[in-house]
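Asker: Residues per chain are reported as follows:
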Amino acid sequence: MAITSIKNLKEFSTNNDRFEGAHTLCPGCAHSMIVRELMNCTDDNLVIASNTGCLEVSTAVYPFTSWDTSWIHIGFENAATAVTGAEAMFKARKRKGTLKDNDAPVKFVAFGGDGSTYDIGFQWLSGAMERGHDFTYICLDNENYANTGGQRSSATPIGAHTSTAQAGTHSYGKKQKKKDIVAIMAAHDAPYVAQLAPNKWKSMAKGFQKALETEGPCFINTVSPCCTEWKFDPKDTINITDLATDTLMFPIYEIINGHELNILYRPKNVLPVEEYLAAQGRYKHLFKPENKHVIEEIQKNINEYWEMLQRREEARV
Amino acid sequence: MAEKFDLNEREVWDGNYAASQALRQARVDVVAAYPITPSTPIVENYGAYVANGYIDGEFVMVESEHAAMSGCVGASAAGGRVATATSSQGFALMAEVLYQASGMRLPIVLTVVNRALASPLNVRGDHGDMYLGRDSGWIQIDAFNAQEAYDLTLCAFKIGENHDVRLPVMVHQDGFITSHTAQNVYPLSDEKAYEFIGDIVPVDDMLDFSRPVTYGAQTEEDWHFEHKAKQHKALMDSRPIIDEVFEEFEKLTGRKYNRVEGYDMDDAEVVIVALGTTVETARVAAQELREEGVKAGVVGIRVFRPFPFDQVRDMLENAKSIAVLDRSSPGGAMGAFFNEVSAALYTTPNRPLITNYIYGLGGRDFSVSEAKRIFLEQKTNVDAGHITTDIQQFSGLRGPHLGYFQTKRS
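Going line by line, the protein sequences match chains U and Y. Heads up, the numbering used here is the position in the first sequence plus 46, with the first residue counted as 1. Heads up, the numbering used here is the position in the second sequence plus 801, with the first residue counted as 1.
Isolated chain U (complex conformation):
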């Protein structure tokens, strides 16, 4: 397994560059940081599949491509199936000795946004996880359908304004809590599942490496702040991510074999969630007096979830 050093960010960021900077993602979009980290953390050959979404439409517009490795996009829902079809073919051809290089290690990775992961491609992802293919699925979770202009997804947190769950005189935005995709994936008895964030780049790279090294279906949910739809200045992407992890809105942890839970980041000073919410336009209506209760509810949810994670970590169940 050819895993590269992750001691130094400058060195790491230029390692093994297989994702071209020339793409059309929004300035400040975290997607490209996450994708580059994945591609830089291994020297192995990569077959990558992307679901339809921001990443896909911004990186493969004919006659250009940002992908200096094998890459496939079929539809909105089926990257997990496409890449696991390729993985099955790899196994068949390796046995028969018909590969161009029969000894080179190959890793299979699928990327999807939260729309394709939590919603439209949920069945395809679940099927691929259950079948036990050797692949890693990475969700670039920006908590909305950003590619189509910011509609709600089942990853959108309660209280956020989206174009299909609007805040208005009679509404505080989305009414439902975010789907717990990490728990659902862990329940597939996946050998490695994690939630990671690009501000904690070392733990993210290590998590990616663990997933790639682990045989079997691995799943990683990454927070990918979306300046366009979350409404913050593009230069603040990592600052927003810091707030997401320091308020525990987005806790960083891994689950091994469905039950060994390890918290990977414990903020020294846990910040109140208001600081995270106040930094983004999508939550600004929550600061009206009539919506105060929503902020309280979000804080309560965070506290309860953090408590649960700590108990599970301790209990190893």
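Everything labelled a hint here was simulated from the structure, so no lab data went into it. Just so it is clear, the structure is predicted and the values come from calculations on it, not from any experiment. Some clues are possibly wrong.
[Said to hold, decoys possible] In the DMTMM-like style, the derived pairs of lysine to aspartate or glutamate whose C-alpha atoms are separated by at most 25 Å in a straight line are:
hint, chain 1, residue 1, chain 2, residue 2
1, U, 146, Y, 1005
2, U, 142, Y, 804
3, U, 225, Y, 864
4, U, 142, Y, 992
5, U, 142, Y, 845
6, U, 225, U, 359
7, Y, 1057, Y, 1115
Given the coordinates of chain U, work out where chain Y should sit on it, guided by the hints.
Answerer: Leaving out everything else, chain Y in the frame of chain U:
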């Protein structure tokens, strides 16, 4: 290395079994599949061959037909031989990915065991699913019996994987009538069959990392049109290659296939044009009527896509009255197949009389006597010199007659 599978010179196979034996002999690397009646045994059999060492491949049982075709696309882009099977609702669920498979020029072989589309739910055979695929950019080959299902599945790999074609291929057979009816089938030996198909030589192999490839890029108004035009051209240009493969197959087996099959057409005045098992039923009717002095002939379309416009025209231009049989609900129009045959005939100087019969939906039996009645209606048209019936009529329907449109005569 795969275990030896003992074959007799003559086997008694149904269409499903025949198709699955072709997949085994083609040494298909990956089958990604989801079962659906009546095509289920094809993929079950492939799974059994894998489980018992008769084939060295990967059997990926996915959670839906959409995923089945998605897995096939990923596997095919990874450079090996890929096949699957489906029917009806499963085919409809696959529809999105069918277009993507052909757009990416991936030579997947899909056996479609034709079955009606719901609602109402129906597991029996008609051609609703086959018609649904007609604009999907796949080559569509139609088998009329179990032997043909076997033969044409072997041919399908050789056609689709040809580097001048690089297109996915459907091989159709009629649900139950072909798929579940045991018939005599003469298989090739494993060695001869594989030698005929040959090794797959991948183009744009995702597992060749010396040359990275991007599959499924986006094109807007600047390039999309050119891509689709090239795809259409590839389909049209596949015609002589299909002919070559059929010729090579004839040399090997003595069994000759043509993109359009004509029976008793040399002097035929009244003709049934059909798809699937109906072709064989109509042939029996035509032969019986010839004994009574009716010059009846039958045309069966072997390659539905690319549609053999010129061959259909050439074969039918001297006929006098033609019935085109559509086994698919026309949904508020003339039958789609009727429209295509009519378009071909419109370019001839004689323009034979032509009528449209909607029949056999949901597996309603199509009998020799029904075929005879249709022939005799054509004979009445010939004698009258014009169409004497409705231009479109439902045949074999319970209750009152249902038909539409009459000939305009001055």
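Asker: Between residue 225 (chain U) and residue 359 (chain U), does the CA-CA distance stay at or below 25 Å?
Answerer: holds (21 Å)
Asker: Taking 25 Å as the top limit, are the C-alpha atoms of residue 142 (chain U) and residue 845 (chain Y) close enough?
Answerer: Distance ~23 Å between residue 142 (chain U) and residue 845 (chain Y) Cα, so the pair holds.
Asker: Given the hint that residue 1057 (chain Y) pairs with residue 1115 (chain Y), test it: the Cα-Cα distance must not exceed 25 Å.
Answerer: holds (19 Å)
Asker: Given the proposed pairing of residue 146 (chain U) with residue 1005 (chain Y), does the C-alpha separation stay at or below 25 Å?
Answerer: Satisfied, since the Cα-Cα distance of roughly 12 Å is no more than 25 Å.
Asker: If you draw a straight line from the CA of residue 142 (chain U) to the CA of residue 992 (chain Y), is it 25 Å or shorter?
Answerer: Measuring from Cα to Cα gives roughly 17 Å; hence the hint holds.
Asker: Check the hint pairing residue 142 (chain U) with residue 804 (chain Y) against an upper bound of 25 Å on the C-alpha distance.
Answerer: Holds - the C-alpha atoms of residue 804 (chain Y) and residue 142 (chain U) are around 15 Å apart, at most 25 Å.
Asker: Holds or violated: residue 225 (chain U) with residue 864 (chain Y), Cα cutoff 25 Å?
Answerer: holds (22 Å)
Checked against the numbered hints given earlier, the structure satisfies every one of them.
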